[in-house]
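Trainee: Chain residues, written in single-letter form:
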Amino acid sequence: MKLKEGSFLWYLYLDKLYCLLSVRNVKALVEYFYLLDVHRKKTLNDVLFYHFLHHVTDLKRNQITIVFNMLDWNAVGEIGFDQFYMLVCILLARENHLEEQFIYRHSRPVFELLDLDGELKIGPANFHMYNFLFNMKKQQLRELYRDFDITGDRLLNYKEFKLFTIFSMDKYQERQKAEREGGELCSKKCRIKL
Amino acid sequence: MEEKPLKVRTLPGPPPPGSTQTHPRSSLGSWLSSHSARGSCLGSTASRWYHQKASHDSDGGCEESDAGGEKDNFKPEELDEHALMELETHSGSYPGGTLEDGDDDSRIDFEKSSSVSSLNIPKHTPHRAYWVEQQNRLPLPLTVLMENEALEILTKALRSYRSEIGRDHFLTNQLQRYIEGLKRRRNRRMNVAVL
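Chains as they are written, first to last, in the numbering used here: chain A, 165 to 358; chain B, 67 to 261.
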């Protein structure tokens, strides 16, 4: 999933630590939502939502429908600003490769979004359905269910999911540290050569 | 950090001041990144802004058009005070408003008069409300970008409305009027900028 370059959302960004928008960004987002709220119901219906997402991302029709159904948690056929804000944060996390951080920081809302049928448990199919949003690779999913399915029912409850997010976050930070150290070593070698 | 349940419909709390951002992009990005130390906003606070704005527009549209008629009789000094009073009264709102026909003229006139009146304000007259309003406004390039993008999206949506629910449906007509209002506002802003 990629945001269209030069679109309004493309100019927004998340705080790197907490994966939230700043006050100014939210204010701008409110104005943008208000522009799209044609019928003055403080919501976007499915048609407006489809055209918005189709315009600012490269998602396909069936993917947009999946996102709409995920966000329409009251099943009213419309998306309010709270859901819109959540979607923008997810899109920006995906765009800026902050998926692990986002899932770690907002594990409860993400778990509840993935738990479509409200059973307080999520299976591999849930993850696979939203792979284009949260970028969970097959290998990661296999590890997830092998290492964190403590109850052994091939489903994750929230505690198991939370443990997984902590573990992913640790791995992500180790990767970042390794990349930084690799970069510093390279620059030192370049300086020595000079 | 403890997260709130999704039923509250907010993401967890604000980041501390001085937290880092990921990717500032050009001048619009730099505007959006400035004052980020004020802290981050929860969905509920943003919703409050949105509801405040929406309720103002539903109640205040007539006030603006009424005020537009009264303004013509004011002298410049009285107009300054009147404009300031209006700014103080509607300090939380953005002068976008609903995009019905009559509101466009009064809004553009209001913007012109407030910008002209700012030049005539004597130095000793307090104009704090004006500067507060300026701080709350979005920069023009960002507004233009948002409106242009919204126009493109809504024009495509209008085609879907026509094909799916018909040209005569009241929602189609409402969307069509809205798009026309948005185009008129954009054209007037371009004319004002050229002048």
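A hint or two may mislead.
Covered by chain A, per the in silico footprint, the following chain B stretches (three or more residues, Cβ under 8 Å) [said to hold, decoys possible]: (1) 204–214; (2) 227–239.
If you anchor each label on the Cβ, the simulated ranges turn out as follows [said to hold, decoys possible]: (3) B:Glu-218 - A:Gly-346: 30 to 36 Å; (4) A:Arg-310 - B:Arg-243: 53 to 59 Å; (5) A:Leu-349 - B:Ser-226: 38 to 44 Å; (6) B:Arg-228 - A:Ala-342: 33 to 39 Å; (7) A:Arg-204 - B:Arg-228: 53 to 59 Å; (8) A:Gln-337 - B:Phe-236: 51 to 57 Å; (9) B:Val-258 - A:Val-240: 38 to 44 Å; (10) B:Ser-226 - A:Arg-306: 58 to 64 Å; (11) B:Glu-246 - A:His-261: 18 to 24 Å; (12) A:Met-333 - B:Arg-250: 18 to 24 Å; (13) A:Lys-301 - B:Glu-246: 34 to 40 Å; (14) B:Leu-206 - A:Asp-313: 50 to 56 Å; (15) A:Asn-238 - B:Gln-240: 21 to 27 Å; (16) B:Met-256 - A:Ile-356: 55 to 61 Å.
Simulated from the structure, these hints should not be mistaken for laboratory data. All residues carry an ideal CB built from backbone N, CA and C; glycine is no exception.
Trainee: 38 to 44 Å was suggested as the range; check whether the CB atoms of Leu-349 of chain A and Ser-226 of chain B agree with it.
Mentor: violated, 55 Å
Trainee: Verify the CB-CB distance for Arg-228 of chain B and Ala-342 of chain A against the hinted window 33 to 39 Å.
Mentor: violated, 55 Å
Trainee: If I claimed the Cβ atoms of Glu-246 of chain B and His-261 of chain A lie 18 to 24 Å apart, would that claim hold in this structure?
Mentor: violated, 41 Å
Trainee: When you take the CB atoms of Asn-238 of chain A and Gln-240 of chain B, is the distance between them in 21 to 27 Å?
Mentor: holds, 24 Å
Trainee: Do the beta carbons of Arg-310 of chain A and Arg-243 of chain B sit within 53 to 59 Å of each other?
Mentor: holds, 58 Å
Trainee: Could you say whether the range 58 to 64 Å given as a hint is met by the Cβ separation of Ser-226 of chain B and Arg-306 of chain A?
Mentor: The hinted range 58 to 64 Å is violated for Ser-226 of chain B and Arg-306 of chain A, with Cβ atoms some 41 Å apart.
Trainee: Verify the CB-CB distance for Met-256 of chain B and Ile-356 of chain A against the hinted window 55 to 61 Å.
Mentor: holds, 58 Å
Trainee: Range hint 34 to 40 Å: satisfied by the CB atoms of Lys-301 of chain A and Glu-246 of chain B?
Mentor: Check failed, 48 Å falls outside 34 to 40 Å.
Trainee: Kindly confirm whether 38 to 44 Å is satisfied by the beta carbon distance between Val-258 of chain B and Val-240 of chain A.
Mentor: This hint holds: roughly 40 Å between Cβ atoms.
Trainee: Check the following: the C-beta atoms of Gln-337 of chain A and Phe-236 of chain B are separated by a distance inside 51 to 57 Å.
Mentor: holds, 54 Å
Trainee: Residue count check for the segment 227–239 of chain B against chain A: does it reach three with CB-CB under 8 Å?
Mentor: Held - the segment 227–239 of chain B has 3 residues with a Cβ nearer than 8 Å to chain A, which meets the minimum of three.
Trainee: Measuring from beta carbon to beta carbon, are Leu-206 of chain B and Asp-313 of chain A in 50 to 56 Å?
Mentor: holds, 54 Å
Violated hints, in rising order: 3, 5, 6, 7, 10, 11, 12 and 13; the structure is consistent with all others.
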